Amino acid sequence: MNTDYIHKELTEKIIKGFYEVYNDLGFGFLESVYEKSLSLVLNEYGLDVKSQYPIIVNFRTKIVGEFRADLVVEDKIIVELKAVKTLLPEHEAQLLNYLKATRYEVGLLLNFGNRPQIKRLIFDNKRKISHKIT
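The opening residue of the sequence shown carries number 98 in my numbering; numbering runs sequentially from there.
Calculated from the structure, these hints are not laboratory results. Since we're looking at a predicted model, the values are computed, not measured. A portion of the hints provided could be inaccurate.
Derived pair list, reagent style SDA-like, types lysine to any residue, alpha-carbon separation capped at 20 Å [stated by the list, open to error]: (1) K105 <-> A180; (2) K133 <-> Q149; (3) K133 <-> S148; (4) K113 <-> K216; (5) K105 <-> E187; (6) K110 <-> L122.
Construct all of the structure, not just a fragment, from the sequences and the given hints.
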């Protein structure tokens, strides 16, 4: 098993922050509460965090949509937060599509449910369609 993966140290810091927030707040709050809390913790770690970061989706060189990533950390990782009972395949698909539509290659899906859940997704830029990505 290869443990030398892209942005390893940064993802470890984000996951550490996730557990810090989860251990303090537990489950049952709205995603927005966890988003603000995790953003504060990551800022305390000295990381650059953008909340509700707008990302444009292009198709055949035309803008066809916009989404907002919950967090973008250090302009390298998209963090999608959930506060649901359990993660579902559509949650992973959402993050994977965010990665496909952008230059970001690493995404973390973090669930503040009744038990903490973490999924790390990668979509290598070499696999992306050759159109303008933001």
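Comparing the hints with the structure gives:
1. K105 <-> A180: Given that 20 Å is the threshold and the Cα spacing comes to 24 Å, the pair is violated.
2. K133 <-> Q149: The given pair, whose Cα atoms are some 10 Å apart, holds under the 20 Å limit.
3. K133 <-> S148: 8 Å, holds
4. K113 <-> K216: 14 Å, holds
5. K105 <-> E187: With Cα atoms ~25 Å apart, K105 and E187 exceed 20 Å; violated.
6. K110 <-> L122: 18 Å, holds
The structure does not agree with the numbered hints 1, 5 stated previously, though it agrees with the rest.
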